[in-house]
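Spelled out, the chains give:
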Amino acid sequence: MTDTFSLASRFGTQGLGGCYAPETLMQPLLDLEAAFRSALADPAFQAELKGELRHFVGRPTPLTPAPRLAAKLGLRALFLKREDLTHTGAHKINNALAQAILARRMGKTEIIAETGAGQHGVATAAACARLGLDCTVYMGVTDMARQAPNVARMRLFGTKVVPVEAGQGTLKEAVNEALRAWAGRCDKAHYILGSALGPHPFPTLVRSFQTVIGEEARAQALEQSGALPEVVLACAGGGSNGLGLLVPFLGDAVRRVAVEAGGHGQALGEHAARLDGGRMGVLHGCKTLLLQDDDGHTAETASISAGLDYPALGPELAALALDGQVEVRRASDEEALMGARLLCEAEGILPALESSHALALLPGLATEGAATVLLGLSGRGDKDLSTYQSRLGI
Amino acid sequence: MSLNPLLPFLMAGDPSLGALPGLLAEAKALGLQALELGLPHSDPIADGPVLQAAAQRAIDRGATPLRVLEALAGVTDCPDLILFTYLNPLLQIGAGRLKALLAPTPVKALLVVDLPFGEEPVFEADLRTAGYPMVPLLAPTTSLARARQILSERPDPGTVSPFAQRFAYVVARLGVTGTGQAMDLEPVSTRIHPLRTLTDRPLAVGFGLSDPHSLARVRSLGATPVIGSALVSELAAGQSLQEALSPRMVGDA
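Note that the protein sequences, when read in sequence, are chains A and B.
Sequential numbering of the first sequence, starting at 1, is according to the working numbering.
Sequential numbering of the second sequence, starting at 1, is according to the working numbering.
Since the hints were made in silico from the structure, they are not lab data.
Think of the CB as a built atom: it goes at the ideal place given N, C-alpha and C, for glycine as much as any other residue.
Please note that the accuracy of each hint is not assured.
Interface residues of chain B toward chain A, partial, derived using beta-carbon atoms under 8 angstroms [unchecked claim]: (1) Ser42; (2) Pro89; (3) Val176.
Below 25 angstroms or equal to it, Euclidean Cα-Cα: the simulated DMTMM-like pairs (lysine to aspartate or glutamate) are [unchecked claim]: (4) Lys50/A - Asp3/A; (5) Lys99/B - Asp295/A; (6) Lys99/B - Asp293/A; (7) Lys50/A - Asp295/A; (8) Lys99/B - Asp187/A; (9) Lys188/A - Asp184/B; (10) Lys72/A - Asp294/A; (11) Lys188/A - Glu186/B.
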């Protein structure tokens, strides 16, 4: 039995991350790290994951040039990394599938997951159906209402979706409930966390299964245009998509930009912009920038996007931001809607509301003088049609 | 030393902070040596529905961490308190200010649910030196080797110190706080003996205990039973502390 962690559990000069878990979960987390290390070193695991990413997920995803949108904005070139074209429609499947294979290696028969926008829930449900694992997904009631198609998809895949009534009924409450459920069933179940957050080793695990996005994108950019873009841009909720795209560009002379949800105002409770609005704190097992009140209670958040309203920035992304490796910007609900409209009209691609926050930054980047941009299109917008219909009046 | 027969849990601010000193005096009058007092938190990831709801009621009535500590200042007619809390509110207060706030209260130890040893070593050492040790928790998933490590990282201050500062908390079952169906105490019984080979400090056993028979069974193992969710429910339903606790303080079946 493993009794100490081997991998670094802290990020950056301020030591974010860590493992602030209840004692019941400590041994399961130690065991998970050991299983993760052994899987990474095992060619059979790597081969199975690679095969499934290719034949089930549809990787590599294309890097699509977007010349009409680029011209409209005054950019010389714009490339879209098309995670929206993965099976289940968002980047979440990369991590969900990898962790499901890992869970099966560990002899676990049940999977627990949380979901916000439902994309991680759908991805986990699909991976579990594919691998024959029982799956239970915890989802806030507010998110269940605004992402109803994803609830139906999870149920079709045989997953039990458990509504979480507490608080605002969004991702934070779903994570609370998933952690509680895991503490009760950690002998049989693996918890597939979907964002680069939570106690060690989850942030590292999730990031390492998502960097396939940036590794592919970087190679594709070089192959297709002979050069790296000036700016690499991704939206960031917990940080799985942001890190997945940006980390492989850390050694390059490019601007790395993550976009948070600016919501509908500047006051606490009206947005999910953790870099400016957050203070160092501990939530769900890690230390990071957290939207909180003076009492250390987690603050409410607001975003049109269910995938970006988490009150904490993932610890590794927060550390990269604080250490000057990643710029963190924000886009409001209205700006995100405009970003979606731009892409739809110029390129015939319907982005998820999360990805629309990255799109919303493009006009500003063009004004700042950026000429070439690579944007992570984290997911497709079918799940958001009803929001687009009502907010854009179509 | 005789066995401490019961370690009850109350949520600060439920039903109200005004009622807290009276409840604590009542607990003292019942002969309780120590009591766990919950600091209501917005995201209690280790708590079941009863304590989640109690925390929310308390927060809604304004029981912030600072107000709870202010309400405890100067209280002496009271068992030794173990402050049961999550880490973030304490981190936001900061070790220096926290020590000053705790000084005039009957708090003797801290049970920080989401703080394993080694994650905040400076903060933890600072508080321990000031007289506020962290309670070691031993879960069903905790190996004996890890238990040894936990007990040495959070050492027994010795027999001159009160129960509140000495005991180790044995989590009886997987999961979160709260009462379930009649609980099988066999698994925890078989864990107590090997733990006894590691330490002679007092042990408390909690999570899922409520009926007098289970509590008596824990006492028969030489450990102090913890009663939390069941007590919080009964107080919320209008029972007095004495009505809820008296039948539970006796017997070692």
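These are the hints, each one checked on the structure:
{"no.": "1", "hint": "Ser42", "result": "4 angstroms, holds"}
{"no.": "2", "hint": "Pro89", "result": "4 angstroms, holds"}
{"no.": "3", "hint": "Val176", "result": "5 angstroms, holds"}
{"no.": "4", "hint": "Lys50/A - Asp3/A", "result": "30 angstroms, violated"}
{"no.": "5", "hint": "Lys99/B - Asp295/A", "result": "16 angstroms, holds"}
{"no.": "6", "hint": "Lys99/B - Asp293/A", "result": "21 angstroms, holds"}
{"no.": "7", "hint": "Lys50/A - Asp295/A", "result": "46 angstroms, violated"}
{"no.": "8", "hint": "Lys99/B - Asp187/A", "result": "39 angstroms, violated"}
{"no.": "9", "hint": "Lys188/A - Asp184/B", "result": "19 angstroms, holds"}
{"no.": "10", "hint": "Lys72/A - Asp294/A", "result": "45 angstroms, violated"}
{"no.": "11", "hint": "Lys188/A - Glu186/B", "result": "20 angstroms, holds"}
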